[in-house]
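Visitor: The primary structure of each chain is shown beneath.
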Amino acid sequence: NAGVTQTPKFQVLKTGQSMTLQCAQDMNHNSMYWYRQDPGMGLRLIYYSASEGTTDKGEVPNGYNVSRLNKREFSLRLESAAPSQTSVYFCASSEDRDRGRDIQYFGAGTRLSVL
Amino acid sequence: QKEVEQDPGPLSVPEGAIVSLNCTYSNSAFQYFMWYRQYSRKGPELLMYTYSSGNKEDGRFTAQVDKSSKYISLFIRDSQPSDSATYLCAMSYYTSGTYKYIFGTGTRLKVLA
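Protein sequences, first through last, are from chains D and Y.
Quick note on this note's numbering: the first sequence kicks off at 1 and runs consecutively.
Quick note on this note's numbering: the second sequence kicks off at 1 and runs consecutively.
Pulled out of the complex, with its shape left as it was, chain D reads as follows (with noise of 0.2 Å):
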């Protein structure tokens, strides 16, 4: 089991460029989020998918778009990068955060500077 997937590894992109992080898991987890990490910040919640079909907007969405492509799959969106958007970002997933099964799981990141 590869547990939770997360491409890019690195990306480099100038501001006004746009992407699509991408976040796969083979657990047959119920709940996906997106966080991002920045030093002394700790791990802030950008977008959370409870189940299949939904997303809700976490601490910090301004500027983000996801989609809950399917169990499995759960992908983040920078529409216009900016350099305050530099960070690393996490996936994690959780068997099912409604229910209260919510311990959660995190990819290996992906390292995003925004020019």
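No wet-lab data here; the hints were simulated from the structure.
Source: prediction; values computed, not measured.
Among the hints, erroneous ones may be present.
[To be verified] Partial list, computed: chain D residues near chain Y (C-beta under 8 Å):
1. 42
2. 90
3. 97
We treat Cβ as the ideally placed atom computed from N, Cα and C, and that holds for glycine.
Put chain Y on the given structure of chain D with help from the hints.
Guide: Chain Y in isolation, oriented as in the chain D frame:
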């Protein structure tokens, strides 16, 4: 005041020492308590989770929860250089029809050979 507070460190200890990592929290609604280990340039890896007050042991690791003091700890016995990483506490509780999951900012640990 942050809901979860964690000393950023770094904490440096000699190999073989007992390490104590701690988090405090302000919201008595927290129900689940987790510890993650994050190696440099890697994703957080779940180490332990617990629901109730008391101790939970797994090999060299012991997680302790004191709900009355709103304080959780992770103890590492016989620490090894391979334990050098950042340790994140996390907590969750049920609110407004869903669960809210809060992470500490992490404590960086260095175990010196």
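Visitor: The structure should be examined with respect to each hint, and the outcome stated for every one.
Guide: Checked hints:
1. 42: holds, 4 Å
2. 90: For residue 90/D, the interface hint holds, since the closest Cβ of chain Y sits about 6 Å away, which is under 8 Å.
3. 97: Since chain Y brings a Cβ to about 5 Å from residue 97/D, closer than 8 Å, the hint holds.
Hint compliance for this structure: no hint is broken.
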